[in-house]
Amino acid sequence: MHPIIEAQQQLTRRQLLRRSSAPVGAAALASLLAKDGLGANIGSPLNPVADRQGLAGLPHFAPKAKRVIYLFMSGGPSHIDTFDYHPEIRDFHGQELPDSVRNGQRITTMTSGQKSFPIVAPMFKFERYGNHGTWVSELLPHTAKIVDDITIVKSVNTEAINHDPAITFINTGAQQPGKASLGSWISYGLGSPNENLPSYIVMISRGPGQKQALYSRLWGSGFLPSKHQGVALRSGADPVLYLNDPDGIDRPMRRRMLDRIASINEAHFDEFGDPETKTRIAQYEMAYRMQSSVPELIDLSDESEETLAMYGPDAQKPGTFARNCIIARRLAERGVPFMQLFQRGWDQHGSLPKLLRGQCESIDQPAAALVRDLKRRGMLDETLVIWGGEFGRTIYSQGKLSEDDHGRDHHGRCFTMWMAGGGIKRGFEFGKTDIHSYNILENPVPIGDFNATILHQLGDRSQSLDLQISRSRSEAYGRRTSSRRQRDPGLRERTIHFSGCSCDRSTTLVGDDIHTSRGRK
Amino acid sequence: MNSRCNRSPVISIRMRRSITRSRQVSCGNNATTDEGGAIAEEYRVEYAVDRVATVSSVWMGVSMECAQCHNHKYDPFSQEDYYSLFAYFNQAADPGMQTRNGNQSPIVDLYDQEKLQLAEDLKLKVERLKEEREKHVASQQEAMLTWVAEASKQSDGVNVMPAGQTFYASLDELEGRSVACAGSDKESGELKGPVLWSEGRNQNAFQCNAQNYIDFGQAADFERDQAFSYGCWIKPEGNPSGAVLAKMNDSNAHRGFDLFVTGGTVAVHIIHSWPGNAIKVNSTDKIVPDQWQHLFVTYDGSSKAAGIKIYINGKETAWTIEQDGLTESIRSKSPLHIGRRDQGAPYRGLVDDVRIFNRVLAASEIAVLGGEDLISPLLAKPETDRTDSDRKQLSDHYFATRDEAYRAMTDQLADLGRQIEAASKPYVNVMIMSDAGSMRPTFVLERGNYDAANKDKPVQPGVPAVLPALPSDAPANRLGLAQWIASGDHPLTARVAVNRYWALLFGEGIVRTLSDFGAQGEWPSHPELLDWLAADFVENNWNIKRTIKQIVMSATYRQSSRHDADKASVDPRNRLLWRGPRFRLQAEFIRDNALAVSGLLVPTIGGPGVKPYQPPGLWNEVSLSGDVKFVQDKGRDLYRRSMYTYWKRSAPAPAMTAFDCPTREKSVMQRSRTNTPLQALVTMNDTQFMEAARVLATRSLRATGGDVDKSIRHAYRLSTAVHPSDKVQRILKSAFDEEHEIFQAETPRAEALLKVGDSEVATDLNSVDLAAMTIVASMILNLDETLTLP
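Protein chains in written order, with the numbering used here: chain A, 68 to 588; chain B, 96 to 885.
Quick caveat, the hints were computed from the structure, so don't treat them as lab data.
These numbers were taken from a predicted model, which means no experiment stands behind them.
Some hints could be false.
Below, a list of computed lysine to aspartate or glutamate pairs in the DMTMM-like style, where the Cα atoms sit at most 25 Å apart [stated by the list, open to error]:
no., chain 1, residue 1, chain 2, residue 2
1, B, Lys850, A, Asp158
2, B, Lys729, A, Asp314
3, B, Lys662, B, Asp722
4, B, Lys662, A, Glu338
5, B, Lys822, B, Asp659
6, B, Lys487, B, Asp468
7, B, Lys410, B, Asp483
8, A, Lys182, B, Glu136
Residues of chain B placed beyond 10 Å of chain A at every Cβ, according to the derived structure [what the hints assert, rightly or not]:
no., residue
9, Pro201
10, Asn307
11, Ser471
12, Val558
13, Val633
14, Asn635
15, Thr642
16, Ile646
17, Tyr652
18, Phe725
19, Thr752
20, Arg768
21, Pro772
22, His818
23, Ala845
We treat Cβ as the ideally placed atom computed from N, Cα and C, and that holds for glycine.
All chains should be modelled from the sequences, with the hints used to inform the complete structure.
The following block contains the structure:
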């Protein structure tokens with residue numbers, strides 16, 4: 068049995084059972100659809116599937132988080148200049164990076180030809196904040212104020228050394244394109260309580276720094292059904308593609324058209340008995356409702372002045388990260404399970420001191436405001452907020468190091484991300500790097516484990532999903548993938564077809580066996 | 096950024112002796128990346144891995160991927176089996192990465208046959224014109240001799256400036272940074288770096304010290320198919336190495352041209368991209384250090400090294416070829432520089448009197464520029480003392496400079512030469528798959544890592560041990576593999592293929608897991624049928640059309656797809672085929688169907704990809720540079736079949752992906768078939784579908800003389816292939832009546848509705864009638880019956 072087809076048929080049968088006796092039209096859906104807003108009906112924690120339309124059996128236990136807001140910093144923010152601070156590094160500023168630190172590890176061909184690798188200490192001030200004296204750079208004054216609400220992970224690491232493979236890896240679990248994205252897995256596995264909105268929403272914005280390309284595969288559904296792909300919420304006239312009725316067709320006319328289409332389809336169903344016909348009737352109703360719910364979603368007129376001010380000066384500017392953060396909060400209120408905000412412009416190969424400052428400014432206040440806003444509304448506990456990019460940056464200068472200028476190349480051996488809410492510890496730091504912020508000394512978190520953690524918070528225990536988005540595993544949860552799979556043939560069946568072999572492959576890097584859990588043979 | 100050519104068969108037939116170019120094109124399935132910083136070998140291996148996955152799943156219905164890292168856990172494939180298959184693809188010549196300057200080799204050039212014929216015709220014309228010119232020369236001997244006689248009597252009158260000068264800088268300033276010139280987009284050049292002037296060959300000269308140069312802005316903008324000549328006086332400081340004059344963009348693979356001195360020789364570069372697509376020649380004669388000498392280069396626009404002549408002090412010098420493969424543009428936006436290229440190659444020494452011409456100068460003309468007047472001494476010789484060579488030189492000089500008809504014919508010949516060159520060049524090149532010259536050894540890669548070859552485990556190209564052996568005479572390359580796969584005895588190939596055709600028609604395969612015939616796949620519902628179809632397929636020479644025809648003409652396929660509660664209770668999934676197939680059309684067919692029923696569809700086969708309607712901004716939102724704009728096509732290209740829709744992998748056509756069209760990043764054996772609200776939004780609101788509704792309404796009203804009932808029936812029949820029931824007809828008619836009333840009351844709404852799309856709105860129909868019928872047609876295009884097969 069092909070597991071995806073199987074799942075689709077289960078859904079279809081379920082939908083049929085639930086819908087065939089109901090009258091046609093908007094009223095029919097009222098019983099199926101969760102209400103908007105804070106009181107979203109997530110269903111019983113133990114068996115919420117019926118309402119969420121995810122995979123049978125998921126979640127495996129009452130989840131800590133009901134949704135994720137992923138603030139994705141595309142380009143690779145410098146962990147050195149933001150969070151991962153070692154004051155001693157200032158003593159080594161300008162000195163050559165010792166060979167023992169790099170230890171033969173591969174680096175990109177953009178800097179592998181450099182004759183010199185001078186250490187650059189951050190050209191920014193750092194201070195300690197919060198109850199535990201957490202170092203935060205002057206670039207992130209607002210984030211500094213929420214350190215007691217977040218967990219900073221300083222030991223995330225990736226096998227990729229360039230943007231395309233790294234961003235594809237962190238979002239889909241494989242460096243080569245073609246796999247399903249994290250958000251689409253969550254939509255597939257856990258479903259959504261809100262059928263008026265897509266279960267995976269993507270928003271894109273640009274900061275002032277150097278940009279890298281994005282690809283719609285980063286929120287694509289790969290081999291999963293396309294209903295799970297991320298839907299881009301855009302700042303223009305059509306916030307969701309094809310949302311607006313054509314000129315000349317108003318809402319009442321659309322309503323009449325849909326009612327008549329439904330009557331014809333009903334007649335068709337009576338003749339052919341295809342459950343897909345019933346599903347189609349329902350999907351057209353959902354499209355109609357989406358045409359109202361999306362404009363209402365992005366209309367910020369009901370936000371208070373005070374709330375808008377919290378998110379900073381860009382809060383009402385369409386297409387900005389700040390406005391997208393507010394919309395993400397509104398989506399969270401409506402129960403949407405996965406929102407991903409891409410902020411572009413973190414690729415500081417040169418002019419880092421100037422460009423990183425502007426880039427940080429563009430996200431600092433809105434990101435901190437989002438956490439505070441969720442917290443004061445009592446939503447932070449059930450909303451997992453994640454901040455981070457596809458990798459970090461090198462301690463050594465790319466290009467010439469001058470008194471006030473330098474660049475940094477890509478660095479995947481360690482980088483920093485933060486998480487908040489959704490059952491994650493508050494005021495906590497995890498992982499430790501060496502003073503060069505180059506290698507990990509304690510608690511490495513490979514991308515696979517990071518993604519597994521996200522899924523774990525959402526209630527996925529069996530790894531049926533996280534297998535798909537994690538190819539290298541650690542013992543962070545005390546489990547070994549292969550043995551797990553051998554014990555659970557059903558799991559094996561679900562996973563094996565999707566992506567060929569879904570077992571872990573530790574693509575350990577040159578000259579180093581430390582950070583991947585399974586090492587070389 | 097990953098990109099990939101868009102064709103699926105990976106097995107090349109390159110090794111066959113008679114191979115057509117179009118077949119070579121069909122074997123290109125090269126994924127590449129051009130991302131800065133990437134390590135090429137990592138990608139080369141990944142792409143071989145992708146090819147193994149594609150070949151094993153497409154042709155054999157097995158997933159070999161597991162065995163990349165370890166022995167397959169469910170199917171009988173060892174890691175050695177995997178790398179034996181991998182070894183066939185480990186030979187690919189493509190390096191895994193490419194630059195952003197065009198296609199990565201291996202490529203195949205494609206030619207337009209009509210243009211090649213044109214080139215042949217033009218060559219005949221050239222021959223004829225050359226004969227004509229010779230005749231002209233013969234007929235003008237008297238005039239020539241008269242001129243020689245006249246000129247001999249006069250003193251210096253022949254020493255005139257050659258025609259066609261497009262740039263000139265005398266470099267006589269002696270101070271300041273502003274340098275006078277003629278023929279630039281700027282009024283004067285600007286000296287950058289140390290201001291150094293010196294006494295020159297003719298008055299003063301510019302002194303280059305490798306720190307300074309003169310920027311003359313945009314000048315001497317020549318393409319490779321244009322003739323031009325250039326040069327100047329130089330006094331090199333010792334034996335410098337650098338560009339005396341150049342219009343060349345170092346940072347774009349040195350595109351442009353220059354006059355270069357190095358180690359006492361004179362070199363000429365004419366470059367599209369260095370070194371692969373460029374001309375370079377080096378003079379055999381040397382220049383003398385610390386002395387004034389005149390350098391001049393002529394180029395005839397032929398794109399060949401043979402089209403270059405180098406003159407030192409007016410005397411043509413022999414040269415040797417270093418590169419001779421120029422086939423693309425040499426135009427660059429870099430300014431004309433004296434003293435260095437755009438960025439590099441600074442020259443050291445004096446420069447004076449820089450001149451550039453838009454034609455090939457004759458030797459005699461260059462002699463004039465170089466102050467070595469060859470003609471005057473000849474004229475001064477008594478006729479009786481002149482040698483044959485002298486006479487020829489005088490004759491050449493006369494015709495090249497004094498005979499308008501001769502010059503016109505020469506220009507025409509040059510023009511024909513350029514036309515021949517243009518017509519002979521390929522209209523496009525395409526990346527293909529081919530093997531590297533020498534066999535690359537293959538080893539088992541530990542845990543599948545590209546850089547972890549286990550040198551103790553070498554493998555040879557071969558096929559999995561569990562499958563039939565290769566024929567003993569099979570070559571150890573992809574041809575051998577292809578022969579094995581297509582031998583007819585292979586247990587999987589034909590079964591996998593006919594199963595896929597079956598699934599296309601029935602919605603599901605006889606084996607439901609199209610890509611997995613292994614232990615994890617599903618058992619066939621009708622094993623004997625599968626065997627029979629496969630055998631029949633092979634026996635009839637793999638005739639796909641015949642197989643499909645057999646299936647669609649079967650009683651099973653032609654059954655009604657009506658529901659039957661009794662049968663459904665026994666076999667709810669119709670695995671036993673008690674009813675005919677019923678499933679949603681795939682993405683391409685949804686759109687093609689709307690275009691076809693409206694009559695908009697352009698059924699032309701082949702041609703470049705097209706860009707039909709798409710919401711604005713999608714390309715730019717993800718682009719690297721922030722200025723990649725989708726430019727929608729016009730006219731017929733809006734209505735081509737969807738298989739011709741241009742596919743940008745980083746932002747594919749959204750109306751197609753909404754209906755489960757794969758992204759084409761890797762081979763997909765089985766599409767999902769979902770039913771979503773976003774699909775409803777596409778067919779309700781996409782310009783393409785609303786326009787199709789309007790045109791379908793127009794077609795139906797016209798076909799029935801405006802009879803509403805008949806029009807509705809007509810549109811429904813076209814869209815669903817059946818007649819509407821009375822009930823359906825009634826519902827659609829009531830829709831027409833009600834919306835007609837609305838549009839009648841608010842005619843601007845009708846007008847607004849009809850404006851959708853680029854095609855012309857019918858003027859022979861009442862716009863209110865048409866608008867109401869457009870609403871009905873849009874409803875029809877959104878019916879389950881329309882979107883579903885049959």
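The hints, checked one at a time:
The hinted pair formed by Lys850/B and Asp158/A fails the criterion: a straight-line CA distance of about 70 Å is larger than 25 Å. With a C-alpha separation of about 21 Å, the suggested pair Lys729/B and Asp314/A falls inside the 25 Å cut-off, and the hint holds. As the CA atoms of Lys662/B and Asp722/B are separated by approximately 59 Å, the hinted pair breaks the 25 Å bound. The straight-line distance between the Cα atoms of Lys662/B and Glu338/A is roughly 15 Å, inside the 25 Å bound, and the hint therefore holds.
Only pairs whose Cα atoms come within 25 Å are accepted, and Lys822/B paired with Asp659/B is accepted, the gap being roughly 22 Å. Annotation: proposed proximity of Lys487/B to Asp468/B holds, straight-line Cα distance about 16 Å (limit 25 Å). Our distance criterion of 25 Å between C-alpha atoms is met by Lys410/B and Asp483/B, whose separation comes to about 19 Å. At most 25 Å may separate the alpha-carbon atoms for a hinted pair to count; Lys182/A and Glu136/B meet this at roughly 23 Å.
For Pro201/B, the non-interface assignment is confirmed: its Cβ lies about 22 Å from the closest Cβ of chain A, beyond the 10 Å cut-off. Distance check for Asn307/B against chain A: the nearest CB is about 23 Å away, which clears 10 Å, and the non-interface claim stands. Residue placement check: Ser471/B keeps its beta carbon more than 10 Å from all beta carbons of chain A (closest about 57 Å). At roughly 19 Å from the closest C-beta of chain A, the C-beta of Val558/B stays outside 10 Å, upholding its exclusion from the interface.
Taking the minimum C-beta to C-beta distance to chain A, about 26 Å, the non-interface status of Val633/B holds against the 10 Å cut. The beta carbon of Asn635/B sits about 30 Å from the closest Cβ of chain A, which is more than 10 Å, so the claim that it is off the interface holds. Listed as a non-interface residue, Thr642/B keeps its Cβ farther than 10 Å from every Cβ of chain A; the least gap is roughly 23 Å. Every Cβ of chain A is farther than 10 Å from the Cβ of Ile646/B; the closest lies at roughly 21 Å, confirming the non-interface assignment.
In this structure Tyr652/B is separated from chain A by more than 10 Å, as the shortest Cβ-Cβ distance comes to about 16 Å. No Cβ of chain A approaches the Cβ of Phe725/B within 10 Å, the least distance being about 13 Å, so the stated non-interface status holds. Against chain A, the non-interface label of Thr752/B is violated: not every CB pair exceeds 10 Å, the least being about 6 Å. For Arg768/B, the requirement that its beta carbon stay farther than 10 Å from each beta carbon of chain A is not met, with the minimum near 7 Å.
A beta-carbon of chain A is positioned within 10 Å of the beta-carbon of Pro772/B; the least distance is around 4 Å. Here His818/B stays apart from chain A, with its beta-carbon at least about 13 Å from theirs, past the 10 Å limit. A cut-off of 10 Å between C-beta atoms contradicts the statement that Ala845/B is not in contact with chain A; the least separation is 7 Å.
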